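Student: Using the hints provided, position chain B relative to the given structure of chain A.
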Amino acid sequence: MNSIVSTTQVDLIRQDLRKNGITAPGLESDVLDHMICGTEKYMSEGYAFHKAYQKAWYDLNEKQALALIQQETSQAISEGKSVLKRVLGYFLILSAFIGIFMTFTLKASPALIMSCISVMIFFIYHSVFSWRRQKSNKHNRALFIGLTLLPIVGAVIFLIREFQFYIYGTSGWVLVIIFIAVPIYYLFVRKVLTEDSTLRQFLIQTFQFLSVASLCWIPLASGLQLFRPDVAVLFFLDDLLIISASSLLLALGLQKLSSTWRLLRSIF
Amino acid sequence: MYSKELIRGMIQPIILKLLYPDHKMYGYEICQKVKELTNDDLLIREGSLYPALHKLLDNGLLRVEEVMLGKRPRRYYQLTPAGKTEAAAKTEELSRFLNTMQLFLNSSPAR
Numbered sequence: 128m129n130s131i132v133s134t135t136q137v138d139l140i141r142q143d144l145r146k147n148g149i150t151a152p153g154l155e156s157d158v159l160d161h162m163i164c165g166t167e168k169y170m171s172e173g174y175a176f177h178k179a180y181q182k183a184w185y186d187l188n189e190k191q192a193l194a195l196i197q198q199e200t201s202q203a204i205s206e207g208k209s210v211l212k213r214v215l216g217y218f219l220i221l222s223a224f225i226g227i228f229m230t231f232t233l234k235a236s237p238a239l240i241m242s243c244i245s246v247m248i249f250f251i252y253h254s255v256f257s258w259r260r261q262k263s264n265k266h267n268r269a270l271f272i273g274l275t276l277l278p279i280v281g282a283v284i285f286l287i288r289e290f291q292f293y294i295y296g297t298s299g300w301v302l303v304i305i306f307i308a309v310p311i312y313y314l315f316v317r318k319v320l321t322e323d324s325t326l327r328q329f330l331i332q333t334f335q336f337l338s339v340a341s342l343c344w345i346p347l348a349s350g351l352q353l354f355r356p357d358v359a360v361l362f363f364l365d366d367l368l369i370i371s372a373s374s375l376l377l378a379l380g381l382q383k384l385s386s387t388w389r390l391l392r393s394i395f
Numbered sequence: 029m030y031s032k033e034l035i036r037g038m039i040q041p042i043i044l045k046l047l048y049p050d051h052k053m054y055g056y057e058i059c060q061k062v063k064e065l066t067n068d069d070l071l072i073r074e075g076s077l078y079p080a081l082h083k084l085l086d087n088g089l090l091r092v093e094e095v096m097l098g099k100r101p102r103r104y105y106q107l108t109p110a111g112k113t114e115a116a117a118k119t120e121e122l123s124r125f126l127n128t129m130q131l132f133l134n135s136s137p138a139r
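First to last, the protein sequences are chains A and B. Heads up, the first sequence is in the numbering used here, so the first residue is 128 and it goes up one at a time. Heads up, the second sequence is in the numbering used here, so the first residue is 29 and it goes up one at a time.
No lab work stands behind these hints: they were computed from the structure. Quantities reported herein were computed from a predicted structural model and do not represent experimental measurements. Glycine residues also receive a C-beta, built at the ideal position from the N, C-alpha and C atoms. One should not assume that every hint holds.
Calculated cross-link-like contacts (lysine to aspartate or glutamate; reagent style DMTMM-like; alpha-carbon spacing at most 20 angstroms) [claimed, not checked]:
{"no.": "1", "chain 1": "B", "residue 1": "Lys99", "chain 2": "A", "residue 2": "Asp143"}
{"no.": "2", "chain 1": "B", "residue 1": "Lys63", "chain 2": "A", "residue 2": "Glu167"}
{"no.": "3", "chain 1": "B", "residue 1": "Lys32", "chain 2": "A", "residue 2": "Asp186"}
{"no.": "4", "chain 1": "A", "residue 1": "Lys182", "chain 2": "B", "residue 2": "Asp50"}
{"no.": "5", "chain 1": "B", "residue 1": "Lys63", "chain 2": "A", "residue 2": "Glu172"}
{"no.": "6", "chain 1": "B", "residue 1": "Lys118", "chain 2": "B", "residue 2": "Asp50"}
{"no.": "7", "chain 1": "B", "residue 1": "Lys99", "chain 2": "A", "residue 2": "Glu172"}
{"no.": "8", "chain 1": "B", "residue 1": "Lys63", "chain 2": "A", "residue 2": "Asp186"}
{"no.": "9", "chain 1": "B", "residue 1": "Lys61", "chain 2": "A", "residue 2": "Asp186"}
{"no.": "10", "chain 1": "B", "residue 1": "Lys99", "chain 2": "A", "residue 2": "Asp186"}
{"no.": "11", "chain 1": "B", "residue 1": "Lys45", "chain 2": "B", "residue 2": "Asp69"}
{"no.": "12", "chain 1": "A", "residue 1": "Lys168", "chain 2": "A", "residue 2": "Asp138"}
{"no.": "13", "chain 1": "A", "residue 1": "Lys168", "chain 2": "B", "residue 2": "Glu64"}
{"no.": "14", "chain 1": "B", "residue 1": "Lys99", "chain 2": "A", "residue 2": "Glu155"}
{"no.": "15", "chain 1": "A", "residue 1": "Lys182", "chain 2": "A", "residue 2": "Glu172"}
{"no.": "16", "chain 1": "B", "residue 1": "Lys61", "chain 2": "A", "residue 2": "Asp138"}
{"no.": "17", "chain 1": "B", "residue 1": "Lys52", "chain 2": "B", "residue 2": "Glu121"}
{"no.": "18", "chain 1": "B", "residue 1": "Lys32", "chain 2": "A", "residue 2": "Glu199"}
{"no.": "19", "chain 1": "A", "residue 1": "Lys146", "chain 2": "A", "residue 2": "Glu199"}
{"no.": "20", "chain 1": "A", "residue 1": "Lys178", "chain 2": "A", "residue 2": "Asp143"}
{"no.": "21", "chain 1": "A", "residue 1": "Lys182", "chain 2": "B", "residue 2": "Asp68"}
{"no.": "22", "chain 1": "A", "residue 1": "Lys168", "chain 2": "B", "residue 2": "Asp68"}
{"no.": "23", "chain 1": "B", "residue 1": "Lys52", "chain 2": "B", "residue 2": "Glu64"}
{"no.": "24", "chain 1": "A", "residue 1": "Lys168", "chain 2": "B", "residue 2": "Glu57"}
Derived DEER-like restraints, expressed as beta-carbon distance ranges [claimed, not checked]:
{"no.": "25", "chain 1": "A", "residue 1": "Lys182", "chain 2": "B", "residue 2": "Ser31", "range": "16 to 26 angstroms"}
{"no.": "26", "chain 1": "B", "residue 1": "Glu121", "chain 2": "A", "residue 2": "Lys182", "range": "35 to 45 angstroms"}
{"no.": "27", "chain 1": "A", "residue 1": "Asn129", "chain 2": "B", "residue 2": "Arg124", "range": "48 to 58 angstroms"}
{"no.": "28", "chain 1": "A", "residue 1": "Thr135", "chain 2": "B", "residue 2": "Phe125", "range": "23 to 33 angstroms"}
{"no.": "29", "chain 1": "B", "residue 1": "Ala110", "chain 2": "A", "residue 2": "Ser133", "range": "15 to 25 angstroms"}
Looking at chain A on its own, in the form it has when it is part of the complex (with noise of 0.2 angstroms):
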């Protein structure tokens, strides 16, 4: 008797799966692979497949059993974020949103307003998407393309048009550097940026300090301005918020990047 799970055997266990569960898709392949493999023992035994795939249900105890997995999965996982990472997520986002706010009231240009979708995008998938681990293949296609040609787009645009007019300075640039950094990120450097190299420790932390200290700077700015009006240092503060907002959305990429792009190429 035939004990291979056929290709629409495949398609049937994977539907199971996901009504009974199972989302993230590193643990659908890895249950998916279970499943089958248990399927396929009692396939040799002499089972048909329907009760073969029936016993290896039973083994998994019960179909409770593949929620509480993907729940215990998520909870395993959400455990190592430390509070740390959690605040500079969410300073990253609301700095992200003030610096954006502060470059749209001094001029909108199209290189920035697409920049700033690009990284709009960004933050919703891993404020919303990632966190919730409600991944489904249209949103991670769409996710991709935003994440990687609208920034490429933006710099080309505000590198193209506006370079001779552009007057904001330094974070003009860093937006430009962001914009090219992240899509350059996704598709080369993530091979020398291994998840274990040091360089990449080295720069998350370099990253998080950067932004925690130009962001520090703001206050202080604020106070000698107070006390030192003839002191033009407030002038430089769209460039500190967004200074720091792009170092954290590089150190918080470089922590998250790696498991996007492992999905993304699950994926395609």
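Tutor: Same frame as chain A, but now just chain B:
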């Protein structure tokens, strides 16, 4: 067969030890290997195995390689350099812990 409570704390060291130093294994294979090595005394359930694997992965101690066998995916887990260091340390710690427990169990209670 041992109780769930007893096994729970041992799952991560067991996984690390099985994969040490350069073994590649997938989830089902890990369950079967543990069963085989312990003469069916130690059964790791899926509900404990996969959360533990994903936690180790999230902590950077494991890396994963997904291959497609036709339409079915298979994820092979392997130790990262940090995972190898952790595996050596955990095995050492577990061994000391077992010795301590043995001493404790062999001792007579204080009167």
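Student: Starting from the hint list further up, note which numbers the structure goes against and sort them upward.
Tutor: 4, 7, 10, 16, 17, 28, 29
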